[in-house]
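**Student:** Based on these hints, arrange chain B on the given structure of chain A.
2 protein chains.
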Amino acid sequence: MKAARFHGRGDIRIDEVPDPVVGPGQVEVSVDWCGICGTDLHEFLEGPIFIPPPDAPHPITGETLPVVMGHEFAGVVSAVGSGVTGVAEGDRVAVEPYYVCGECVACAAGRYNVCRKLGFIGLAGRDGGFAERCVVDQRWVHPLGELSTDVGAIVEPLAVGYHAVRLSGVREGGTAAVFGAGPIGLVTAAALRARGVGRVIVVEPAKARKEKAEGVGVDHVLDPTGIDVPEAIRDLTGGGVDVAFECAGIDAVLAGAIGSVHPGGTVVNVAIWGHVPAVNMNDLVLSEVNVVGSLAYCGDHADTIALLRDGKVDAAPFITGRIGLEDLVEGGFRQLIEHKEENVKILVSPKDVIA
Amino acid sequence: MKAARFHGRGDIRIDEVPDPVVGPGQVEVSVDWCGICGTDLHEFLEGPIFIPPPDAPHPITGETLPVVMGHEFAGVVSAVGSGVTGVAEGDRVAVEPYYVCGECVACAAGRYNVCRKLGFIGLAGRDGGFAERCVVDQRWVHPLGELSTDVGAIVEPLAVGYHAVRLSGVREGGTAAVFGAGPIGLVTAAALRARGVGRVIVVEPAKARKEKAEGVGVDHVLDPTGIDVPEAIRDLTGGGVDVAFECAGIDAVLAGAIGSVHPGGTVVNVAIWGHVPAVNMNDLVLSEVNVVGSLAYCGDHADTIALLRDGKVDAAPFITGRIGLEDLVEGGFRQLIEHKEENVKILVSPKDVIA
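Protein chains in written order, with this note's numbering: chain A, 1 to 355; chain B, 1 to 355.
Quick caveat, the hints were computed from the structure, so don't treat them as lab data. Careful, some of the hints might be misleading.
[As the list claims (entries may be wrong)] One side of the interface only, derived from the structure: several residues of chain A facing chain B at Cβ under 8 Å:
1) Val80
2) Val105
3) Trp273
[Said to hold, decoys possible] Short, incomplete list of chain B residues facing chain A, as computed with Cβ under 8 Å:
4) Gly259
5) His262
6) Trp273
Keep in mind it's a predicted model, so treat the numbers as computed, not measured. All C-beta atoms in this analysis are idealised placements derived from N, C-alpha and C, irrespective of residue type, glycine included.
The following block holds chain A by itself, in its conformation from the complex (with noise of 0.2 Å):
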């Protein structure tokens, strides 16, 4: 089958892989759809950093470069192993991509987002969803129901986005800042949104990404640009939000966050860091504020596909391009990297859905 596959910097090719086999307690994905992720585009950029190299495997695929890239999926069931209950071919599922190893403190709690030995489908080695198929064991594989699979594509992004409003422990009625409204931003804001909560504010300065964010239907869209930001919240919400979302990943911006919470507030951070940051301590003491890292998602498909079955999320405004998987490099990565403000979520698909 054809595949989109990783072989190092700069480097990821079409390549024709053999066919991935169902074993038991396994599902074989047909995939319709595969969004674009940062995280591929740092890859692409910057990686491999998720990706494992040639010296280190990954410890749970066993696996290095050259790996099938895309987690961002949804398609429809082509074969089940043995085993296998309450999913049948023909059904259209999206796919929680990970890979843990079910042993470690954090699986033995529940929270196997943040598995010692993590390792995500798309990144870690195996399969990935920018390809014609995909098998994962079957407790990753969650039912759509009547939502079609390019709606299906966006429930990976959007998971991320209500996890970190459900770490947040804002609630409906309450009041929240997201800064940076690029697609995490925007996810995390419709996941808002959808909670409930009274009042949602956005931080962004670049026009097309401040216009997605008044697309996805938030109180306040503010621009940081020569403004006092912490101050212009604090007076838009007597005293400062309940809860921010950093998702940017740039020191001044979590500053603003953390200057943007309420005294006992919560900062929630989203972003994946590409450098050290330098953190101002005394403004957590002072304001006796909180920072929680939040990563990925847990336990949050189901809710995140009832939220665009029921119709709290519109996934319209996030898709902002759909290309063939021949097309993946220039039309879907190099089209991200130069206009990514514009975009938002570029689907790919391995069918001949596009001409």
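**Tutor:** Same frame as chain A, but now just chain B:
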């Protein structure tokens, strides 16, 4: 009356100052004992920090240096103003040494310890505990009952540890690590023990402080020299402690605390930082760790007094010296600066209790 006032860096004098006047709703405390805090030492060596300099009066007191110092004190009620009920002359009391605005978002939420204009009695002007008498609003006076006033002088620092432990959310039977066995680390360890935490680990390199920690009755005292502390703590606890307390204000110590909690664990930052540290935010993300700032105390004095009254915390190991007010600088500040590891609290009395 006699009072020790801060006139500038390195310049604390025993001055003759006007007697304080008891207004309506206020209580005059005849000070028996007042401890010297690390904050006092910082003011002496590097200040003014919290003490208002000549060009920036404190927003609540309106005062600038010279100010009376001392905020860890207890004594006997020597006069009460009109309208004061429930406190009478002769009562032993500890003082919660705050000035708060009562109007800001923090005060409105009951989190007066992070009041936007917060000041400390003994730093922000008006009265202080290194004086014969001190007048405070009744709100800040906490009855000691049968407890002696030397033990009463330990209430304030112990309340800092009690508050941090409360904020951590640690449960009875849980596990905790305290990084740094200076005075605040020791009272935090004592508060953890008193709360029934199952395993308390203290991390401290200095020999004298390690012995102090053993005196508080902790389970393990780890010398971080030459070992991987997070690994050692994970080994001791089967994957990491529930909560860790940063009581040092050192970048590597904060990193060690973050690395020592289990996935989803909590780090309480108790230290006040003299610089802006580098914090590896990805360590928070990849283990979904929660870092919360803790400042002083808020509604913790009655519970803290109960810990001492009920024998759950023994104040004796914390009292390593007693001096008269006249000896404050040489026998107190200089002694603590030059022999900081041998000392915990030196108590100062303005009364002729010492020959």
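**Student:** Does each hint hold? Answer for all of them.
**Tutor:** Now for the hints, and whether the structure bears them out:
1. For valine 80(A), the shortest C-beta to C-beta distance to chain B is roughly 32 Å, which exceeds 8 Å, and the interface hint is violated.
2. Taking 8 Å as the C-beta cut-off, the interface hint given for valine 105(A) holds, the closest approach to chain B being about 3 Å.
3. For tryptophan 273(A), the shortest C-beta to C-beta distance to chain B is roughly 5 Å, which falls under 8 Å, so the interface hint holds.
4. Annotation: glycine 259(B) was flagged as interfacial toward chain A, and the flag is violated, the nearest CB pair being 12 Å apart, outside 8 Å.
5. Restraint check, histidine 262(B) versus chain A: the minimum CB separation of about 5 Å is within 8 Å; hint holds.
6. The beta carbon of tryptophan 273(B) comes within 5 Å of a beta carbon in chain A, closer than 8 Å, and the hint placing it at the interface holds.
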